[in-house]
Structure formats: structure tokens, C-alpha cells
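Those protein sequence lines, which keep their order, are chains G and B.
Each number in our numbering comes from the position in the first sequence (counting from 1) with 778 added on.
Each number in our numbering comes from the position in the second sequence (counting from 1) with 14 added on.
Hints may be right or wrong, so weigh each one.
Stated by the list, open to error - Straight-line alpha carbon distances no greater than 20 Å define the calculated EDC-like cross-link-like pairs of lysine to aspartate or glutamate that follow:
(1) G:LYS931 - B:GLU166
(2) G:LYS873 - B:GLU170
(3) B:LYS163 - G:ASP928
(4) G:LYS789 - G:ASP865
(5) G:LYS931 - B:GLU140
(6) G:LYS931 - B:ASP161
(7) G:LYS873 - B:GLU112
(8) G:LYS931 - G:ASP830
Note that these hints are calculated values from the structure, not bench results.
What follows is each chain in one-letter form.
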Amino acid sequence: MTDQLRYELSKALTAAAIILYIPANFLPVMTITITGQVESLTVMGGVVELYDTGLVPVAAVVFLASVVVPVVKLVSLSWLLNLHGSDISQLRRMKVHAFLTRIGTWAMVDLFLLSILVAVGQLGILASVQSEVGALFFAAMIICTLYAADVYKTHMIWQQPLPKSQ
Amino acid sequence: MIAAWAFAMSALITLIPANLNPILIFSVAGNYQANLIITGVKGLWMQGFQPLGAIVFFSAILAPVFYLLSVSYVSACWTLQMRLPLMGAAFRLTEALEPWNLLPVFAIACMVSVVKLRTLGTVSWEPGSLWILATAVLTMLAIQFFDRKCAELYVEGAK
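Only chain G is shown next, with the shape it has when bound in the complex (with noise of 0.2 Å):
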């Protein structure tokens, strides 16, 4: 693959993860039914739901890999390929990109939490846990973003920037 293709396909998947991004946060991942009480859960509510049952530290875990890093995900990936083939703050460039990669995967506690929530809720009518279509969303934005930040690699940021052709 050539430099010129990744950076074109990381460009790609930036922007079809900020697309996502919309209906990943606003449609519900799953709905809870505990002894006849049904309940929808978006991103953000599952979130709520913990910091309400005072259990902040763990919402706070929760709230950090599946609210934050995705946001500060996009908008660091967002800002490194717009200043790609640039002399400007290089070195604080890569070491953002460095960041990426490592708190990359985080995002996917949430998916790996209803993979859990799932398979223990499979009771019947006393406890059921049904995934929903946000899950699907959410699932392709975290790949769209963990891709992105893999396809760039650091030696691009230093590329001198490329003389126009005509």
C-alpha cells in the first residue's frame, strides 16, 4: 500500500466513523428486561444508569472508554490528517498518534460488556438482555477509528509535503 492510499483511506474511515458516530449515540445498544420491567439502553444511559445507582467509580470507567475516547479519537484523528504533508507541531503530532494506538482498543469495554450482559441474560421473562441496532453502529464506528489510526503510520507525519502536479 502506498502512503498516498493510506492516507486517502484513513481519511475515508474518519469520516464514515464521524457519520456513525451520530446513530451510535442516539439509538439504543440494548434493552434490559428485568422481572417485567423493560428498559433501553443508549451509550450514554447505560452510563447514567451505574452513576445513578451510585456507582461512580465504574460509571466513570464507562464513561471514559466509551464516551471520551471516541470523541477524542475522532477529533485527534481529524486533526492529524488535515495537517498531513505539514511542517506544523510534528513532533506533537506523533506523539498523539502514539496516544491513539494505545487507548484505541478501550472503546470496546462497551461491546464486550453487552456480549456479558447477553449471555447472562438469557432467563427468560425474569431477566432477558436484547442487543439493538445502536450496538451495530457503535461496533463499525470503534472498527472505522481503530483502522484509521492503524492505516496512518507515523512515518507519514514527517513526509515532506508532496509538490503539486499539474
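With the hints as your guide, set chain B onto chain G.
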């Protein structure tokens, strides 16, 4: 690199009980449900969310196994100074799978789910969760000690 080999091998061993033991048991009003990693995959698949099931299966079961296998293979080659076949392929596999090895993230999700389920019913920890935690810690240590620059130079020198 010797340390990376040791940690990757021990992570591979702990991966077996981690996948075969239930993580937690959840019960409401006398009915209970045990939960393995694979149960969640099956659940998502049955509910019609096959892509989600596939992602969880890949990143929590397949990727850790292949990542640890290739890390231990490459670091074993380096430690023993032996040029074994498929060394280059194994190294490229470690590079490709690194972002997909999500077992440590799964361990965190286990913690969160126990806390969350505690508000809904009775939850009890099962040995599987400890094995997952052990595997996650060992995997992170293996990554820490795996010198990818050194491995890359060694593998390329083999050509």
C-alpha cells in the same frame, strides 16, 4: 526477549482455563445462568447480531491465541538464535494482530458487568474471571518485553 517468550507462553497456558471456566454466575429468583466468553458470542449470534458476535469472537478468543502464539514463536527464534521457517510471517502476524488483542479490555468489561449485574440480581465470581485477569496481565507483560525493533531486524536478517 526471553521474558517476552516466557510471558507469552504462560499467557497461552492460562488462556485455556480462561476459556473453559465460567466467568460469573448470575441468578434471579432461583434461576441461574453461567457465563463463558463463548456464551456471549452465541447470545449475540442468536439475537441476529452476527457481526457483533463475530467481532467479540475474533477479538476476545481468536486474536489473543494467534497473537500469543506468534509472539512466543518469534521471541523463541530470537532467544535460541535459530532461524525457523515462517518466522517472517509470524512477525507480520504480531504486527497485524496487536491492535486486535483485546483480552485486557475484556477483563475490564468483566469487572464492570459484575458491578452492573449486582444491582439486578445475585452475581458470583467464578474461577474463569481470575484466569482471564491472569491472561490479561501476562499478555500486557509479554507486549512490554517484546522488542519489536529487535525482532524486525532479526527476522529481516534471515532473508
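Evaluated hints:
Between the alpha carbons of LYS931 (chain G) and GLU166 (chain B) the distance comes to roughly 16 Å, so the proposed pair stays at or under 20 Å and holds. Of the pairs offered as hints, the one joining LYS873 (chain G) and GLU170 (chain B) is violated, with about 27 Å between alpha carbons and a cut-off of 20 Å exceeded. Of the pairs offered as hints, the one joining LYS163 (chain B) and ASP928 (chain G) holds, with about 18 Å between alpha carbons and a cut-off of 20 Å not exceeded. A threshold of 20 Å between alpha carbons decides the hint, and for LYS789 (chain G) with ASP865 (chain G) the separation of about 19 Å falls inside it, so the pair holds.
In summary, the hint linking LYS931 (chain G) to GLU140 (chain B) is not supported, as the alpha carbons are separated by about 41 Å, beyond the 20 Å threshold. Straight-line distance between C-alpha atoms of LYS931 (chain G) and ASP161 (chain B) comes to about 18 Å, which keeps the hinted pair within the 20 Å bound. For the given pair, LYS873 (chain G) sits about 19 Å from GLU112 (chain B) by alpha-carbon distance, which is consistent with the 20 Å threshold. As the CA atoms of LYS931 (chain G) and ASP830 (chain G) are separated by approximately 42 Å, the hinted pair breaks the 20 Å bound.
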